[in-house]
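Start from the sequences and build out the full structure, keeping to the hints where you can.
There are 2 protein chains.
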Amino acid sequence: MTNCAICKDDLKPEEGQIIWRGDDCRVILVNDSDLPGFCRVVWNRHVSEMTDLTHGERDHLMALVFAVEEAIRHVMYPDKVNIAALGNMVPHIHWHVIPRYKDDAYFPGSAWSSRTQEPSKAALEGRRALAAKLPNAIRSAISQMH
Amino acid sequence: MTNCAICKDDLKPEEGQIIWRGDDCRVILVNDSDLPGFCRVVWNRHVSEMTDLTHGERDHLMALVFAVEEAIRHVMYPDKVNIAALGNMVPHIHWHVIPRYKDDAYFPGSAWSSRTQEPSKAALEGRRALAAKLPNAIRSAISQMH
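Chains A and B supply the protein sequences, listed in that same order. Using our numbering, the first residue of the first sequence is number 1, and each one after it goes up by one. Using our numbering, the first residue of the second sequence is number 1, and each one after it goes up by one.
None of these hints come from the bench; they were simulated from the model. Beta carbons are placed, not taken as given, at the ideal position from N, Cα and C, and that holds for glycine. Incorrect hints may have been included.
[To be verified] Listed next, the stretches of chain A that the computed footprint assigns to chain B, with coverage defined by at least 3 CB atoms under 8 Å from CB atoms of chain B:
1. 37-51
2. 75-85
[To be verified] No farther apart than 20 Å at their CA atoms in a straight line, the calculated lysine to aspartate or glutamate pairs in the DMTMM-like style are these:
3. K102(A) - E49(B)
4. K121(B) - D103(B)
5. K102(B) - E49(A)
Following this line, the structure appears as structure tokens:
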């Protein structure tokens with residue numbers, strides 16, 4: 001769709017990086033200063049809702065989402081993982097997969113809620129260092145999907 | 001887990017109603033005055049993350065989530081459906097499945113974001129009337145799952 005930001009696929013380097021691309025989906029490591037390791041799994045074709053996909057397509061997309069969750073847990077040791085497909089702003093299917101920590105800026109709210117606290121710089125730096133390992137870990141998790 | 005609100009399964013009538021119960025999951029129609037039709041799909045056993053489930057269990061749970069989405073779209077004609085598994089407050093797997101409308105109280109933010117507008121009473125009343133049809137529609141969608 002010509003006016004869809006996700007269809008345009010013109011991710012700016014400051015917004016994040018595409019770390020894996022397949023025929024149907026791509027995985028983005030989002031550059032979020034508050035939430036290191038924030039990933040997005042995007043369905044390449046313009047579709048609004050999960051139930052617009054075939055059953056096989058849904059399974060494939062969710063398997064990717066869970067591969068990303070697995071890599072995030074393995075690399076980043078979050079206290080919780082948040083998974084969400086909202087799309088109110090851009091109705092083109094994309095899943096947010098977000099490592100959450102009890103001391104992060106929004107905990108225990110959602111990543112779209114008001115800030116609750118200021119995380120320590122040391123904690124954020126540590127998580128950014130771990131997030132640098134995510135691209136390889138995610139590619140590896142996807143390559144092992146069955 | 002004894003201190004887990006979801007394990008206790010003591011949903012108060014004012015909070016919502018269980019509209020379907022299976023061996024592994026249950027579906028709740030949440031009583032949310034701002035967001036009629038808000039549903040939750042809960043994994044009965046205490047598990048924190050989707051990747052703690054087996055692949056078969058994940059598939060089963062997501063098939064239920066998508067059956068609920070399908071029924072919501074069929075009955076309530078939302079502008080968008082939001083799907084999320086957060087669990088920061090209660091780390092026991094539960095999926096929120098939420099019909100969203102451009103004039104609802106939080107649009108285009110998440111259901112956990114700040115209010116953006118006051119929806120008209122007429123619109124809310126209309127959606128509450130539709131939501132009354134959801135329990136049967138969801139049970140029917142689940143019975144047709146394959």
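Going down the list of hints, with the structure as the test:
1. 37-51: Result for this restraint: holds, n = 4.
2. 75-85: This one holds; 6 residues, not fewer than the three required, reach chain B with a Cβ under 8 Å.
3. K102(A) - E49(B): The hint holds at about 16 Å.
4. K121(B) - D103(B): 11 Å, holds
5. K102(B) - E49(A): 16 Å, holds
In summary, the structure agrees with every hint in the numbered list given earlier.
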